[in-house]
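Visitor: The chain contents come next:
2 protein chains.
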Amino acid sequence: MDCFHKKVMGLQTIFANQVKTIFNDQSVFDEWESSLGSGRTGYCEGTLMEKAGFNVSFIQGNALPPAATAFRDELACQPYKAVGLSAILHPYNPKIPTAHMNIRRFEVLRSSGEPIIWFGGGFDLTPYFPIKKQVINWHVKTKEFLDKYDKRLYSCWKKDCDDYFYLKHRQESRGVGGIFFDDFLMTDLNQTTELVLGVAELFIDLYFDICSSNKSLFFTSTEKDFQLWRRGRYVEFNLLQDRGTLFGLQSRGRTESILISLPPTTKWIYKGEERFEHFNRLLQHYLKPKDWIKMQESAFN
Amino acid sequence: MDCFHKKVMGLQTIFANQVKTIFNDQSVFDEWESSLGSGRTGYCEGTLMEKAGFNVSFIQGNALPPAATAFRDELACQPYKAVGLSAILHPYNPKIPTAHMNIRRFEVLRSSGEPIIWFGGGFDLTPYFPIKKQVINWHVKTKEFLDKYDKRLYSCWKKDCDDYFYLKHRQESRGVGGIFFDDFLMTDLNQTTELVLGVAELFIDLYFDICSSNKSLFFTSTEKDFQLWRRGRYVEFNLLQDRGTLFGLQSRGRTESILISLPPTTKWIYKGEERFEHFNRLLQHYLKPKDWIKMQESAFN
Numbered sequence: 001m002d003c004f005h006k007k008v009m010g011l012q013t014i015f016a017n018q019v020k021t022i023f024n025d026q027s028v029f030d031e032w033e034s035s036l037g038s039g040r041t042g043y044c045e046g047t048l049m050e051k052a053g054f055n056v057s058f059i060q061g062n063a064l065p066p067a068a069t070a071f072r073d074e075l076a077c078q079p080y081k082a083v084g085l086s087a088i089l090h091p092y093n094p095k096i097p098t099a100h101m102n103i104r105r106f107e108v109l110r111s112s113g114e115p116i117i118w119f120g121g122g123f124d125l126t127p128y129f130p131i132k133k134q135v136i137n138w139h140v141k142t143k144e145f146l147d148k149y150d151k152r153l154y155s156c157w158k159k160d161c162d163d164y165f166y167l168k169h170r171q172e173s174r175g176v177g178g179i180f181f182d183d184f185l186m187t188d189l190n191q192t193t194e195l196v197l198g199v200a201e202l203f204i205d206l207y208f209d210i211c212s213s214n215k216s217l218f219f220t221s222t223e224k225d226f227q228l229w230r231r232g233r234y235v236e237f238n239l240l241q242d243r244g245t246l247f248g249l250q251s252r253g254r255t256e257s258i259l260i261s262l263p264p265t266t267k268w269i270y271k272g273e274e275r276f277e278h279f280n281r282l283l284q285h286y287l288k289p290k291d292w293i294k295m296q297e298s299a300f301n
Numbered sequence: 302m303d304c305f306h307k308k309v310m311g312l313q314t315i316f317a318n319q320v321k322t323i324f325n326d327q328s329v330f331d332e333w334e335s336s337l338g339s340g341r342t343g344y345c346e347g348t349l350m351e352k353a354g355f356n357v358s359f360i361q362g363n364a365l366p367p368a369a370t371a372f373r374d375e376l377a378c379q380p381y382k383a384v385g386l387s388a389i390l391h392p393y394n395p396k397i398p399t400a401h402m403n404i405r406r407f408e409v410l411r412s413s414g415e416p417i418i419w420f421g422g423g424f425d426l427t428p429y430f431p432i433k434k435q436v437i438n439w440h441v442k443t444k445e446f447l448d449k450y451d452k453r454l455y456s457c458w459k460k461d462c463d464d465y466f467y468l469k470h471r472q473e474s475r476g477v478g479g480i481f482f483d484d485f486l487m488t489d490l491n492q493t494t495e496l497v498l499g500v501a502e503l504f505i506d507l508y509f510d511i512c513s514s515n516k517s518l519f520f521t522s523t524e525k526d527f528q529l530w531r532r533g534r535y536v537e538f539n540l541l542q543d544r545g546t547l548f549g550l551q552s553r554g555r556t557e558s559i560l561i562s563l564p565p566t567t568k569w570i571y572k573g574e575e576r577f578e579h580f581n582r583l584l585q586h587y588l589k590p591k592d593w594i595k596m597q598e599s600a601f602n
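For the protein sequence lines, the chains are A and B, in the order given. For what it's worth, the numbering used here labels the leading residue of the first sequence as 1, then goes sequentially. For what it's worth, the numbering used here labels the leading residue of the second sequence as 302, then goes sequentially.
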């Protein structure tokens with residue numbers, strides 16, 4: 001187990017600790033091995049944290065599945081190793097957003113025999129009842145963090161996140177976005193590793209701050225139903241479009257760990273968009289890509 | 302509107318009437334038009350029939366989506382017309398199976414300008430607490446019906462159904478099967494049309510008989526939870542594998558009509574297979590392809 005692998009396991013433990021501290025719900029860790037690799041799946045099925053999953057996986061194979069690289073076609077079917085951490089959180093209270101984070105490192109042997117390393121990852125926020133200043137802060141803090149490394153990263157990765165988490169068949173974004181990156185490597189490998197681990201740490205800070213702020217907010221049964229209906233969209237995205245999910249299933253990964261991202265409970269309601277008055281506000285103001293940084297500036301002007 | 306189109310609309314009405322008669326739940330009809338075509342979606346969100354959808358659609362386009370034909374690659378991207386009826390029923394009581402039926406007629410213009418017609422369709426049954434004699438009857442009656450046309454059809458279409466409704470990532474069948482056919486045309490077009498409409502009528506007879514028999518069966522909250530968990534598998538199949546769903550979304554069909562197949566409520570539970578004692582019986586005795594006709598014969602020996 002190398003340093004990156006150890007660090008992501010440490011981060012996995014921090015996730016479970018935060019869920020315990022803020023929601024008082026216990027997580028369970030489940031170690032597994034398969035023909036492709038090994039991993040540890042942490043999960044919580046609690047009262048206030050209705051469902052959360054934290055996966056660390058280490059896999060290797062003789063043929064990189066095509067879904068693993070969008071940009072490097074020549075590497076498809078080459079031998080590979082991958083280490084990843086992913087986290088997905090579905091709180092019970094609809095006033096707390098659902099959130100997702102993933103970081104991963106790939107190492108692939110070129111046909112010339114030379115190894116190539118790259119990183120991928122990102123995070124995104126899916127509020128049901130968004131609070132504008134929280135959404136702005138989510139983006140502002142992310143930009144501040146990335147600007148320390150390279151001022152071009154935020155706008156590029158923010159756009160990639162908006163493009164990626166867009167449900168084509170619904171013509172709506174999954175949520176208010178965040179960042180998404182792939183095939184990433186700066187000239188300095190150590191600095192790249194630090195940035196990528198920093199993305200996970202930043203997510204932990206930002207997301208659990210929102211959880212602390214919102215966890216006591218009151219909600220009605222209609223608001224709960226609205227969340228259950230919107231969670232259906234989350235399922236649709238993950239099973240119809242998500243490359244991470246399809247990569248996992250294509251590479252014959254451990255199904256229970258891959259599909260831990262699916263919400264604990266859902267409702268599919270015919271033409272829900274016409275039935276919930278909350279939907280129009282969400283769609284008009286939040287489910288379309290926006291320049292949140294500019295909104296912060298204008299808030300002070 | 303030609304004769305086949307009229308007949309499938311009549312069948313759609315019969316579905317709604319049966320739901321009203323047996324479950325006392327009302328269906329609503331929703332007519333729609335889009336750039337590709339038109340249709341009528343019937344749906345029921347009732348007390349005993351928790352959710353049902355009955356779609357009739359008529360679409361035409363300049364380029365047949367690849368998902369529409371598995372066997373006729375040369376027809377992909379040719380101009381086409383399609384009329385279809387699909388029905389999906391999710392009763393509240395877990396002792397009543399979920400069921401699905403679909404019939405469709407395609408008409409495609411070959412590049413030579415000559416039209417080609419074919420039919421597809423089928424039905425399958427997804428019980429949560431199967432009753433053996435009902436499953437045997439489901440298959441025996443289907444074989445009897447098809448044998449009137451051609452004695453080779455049942456065994457071929459039954460196998461295709463088993464192959465089609467198999468969840469690769471779970472290594473389990475969706476249910477106890479039925480029949481599945483595609484690219485089907487007998488020498489006599491009228492007889493083919495009669496057979497295909499007969500498939501839908503047979504489904505109505507067989508399925509609503511099971512509903513009548515089982516609708517008063519008692520169930521526990523654990524049995525209800527088992528159904529909610531198994532419904533997650535239904536979602537996984539429809540969004541990850543189902544060609545009909547993918548065809549609909551690829552051809553920019555009406556999303557709400559296509560995804561009406563998704564269950565009203567679901568639960569994803571981590572490692573549910575280890576938590577529900579009911580699962581083992583279901584998996585061992587029902588979620589693997591079986592020769593149900595032979596089981597009937599042996600029951601009498």
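Misleading hints may appear alongside valid ones.
Incomplete in silico selection of chain A near chain B, CB under 10 Å [claimed, not checked]:
| no. | residue |
| --- | --- |
| 1 | Q191 |
| 2 | R243 |
| 3 | L246 |
| 4 | P264 |
Not close to chain B: a few residues of chain A, all C-beta gaps over 10 Å, as computed [said to hold, decoys possible]:
| no. | residue |
| --- | --- |
| 5 | D147 |
| 6 | L202 |
| 7 | F247 |
| 8 | W268 |
If you're looking for bench data, these hints aren't it; they were derived computationally from the structure. Quick caveat: nothing in here was measured; it's all calculated off a predicted structure. Don't be surprised by glycine CBs; every beta carbon is placed ideally from N, CA and C.
Visitor: Hint by hint, note whether the structure agrees.
Guide: How the hints compare with the structure:
1. Interface hint status for Q191 (chain A): violated, as the beta-carbon distance to the closest one in chain B is roughly 37 Å, over 10 Å.
2. A hinted interface residue such as R243 (chain A) counts as satisfied when its beta carbon comes closer than 10 Å to some beta carbon of chain B; here the least separation is about 13 Å, so the hint is violated.
3. Nearest Cβ of chain B to the Cβ of L246 (chain A): about 8 Å, under the 10 Å cut. The hint holds.
4. Satisfaction of the interface hint for P264 (chain A) is found here, the shortest Cβ-Cβ separation to chain B being roughly 6 Å, below the 10 Å cut-off.
5. With a least CB separation of 38 Å from chain B, D147 (chain A) remains clear of the 10 Å interface cut-off, as annotated.
6. With a least CB separation of 27 Å from chain B, L202 (chain A) remains clear of the 10 Å interface cut-off, as annotated.
7. Under the 10 Å C-beta cut-off, the non-interface status given to F247 (chain A) relative to chain B holds; the minimum distance is some 12 Å.
8. A beta-carbon of chain B is positioned within 10 Å of the beta-carbon of W268 (chain A); the least distance is around 4 Å.
In summary, the structure is inconsistent with hints 1, 2 and 8 from the numbered list given earlier, while agreeing with the others.
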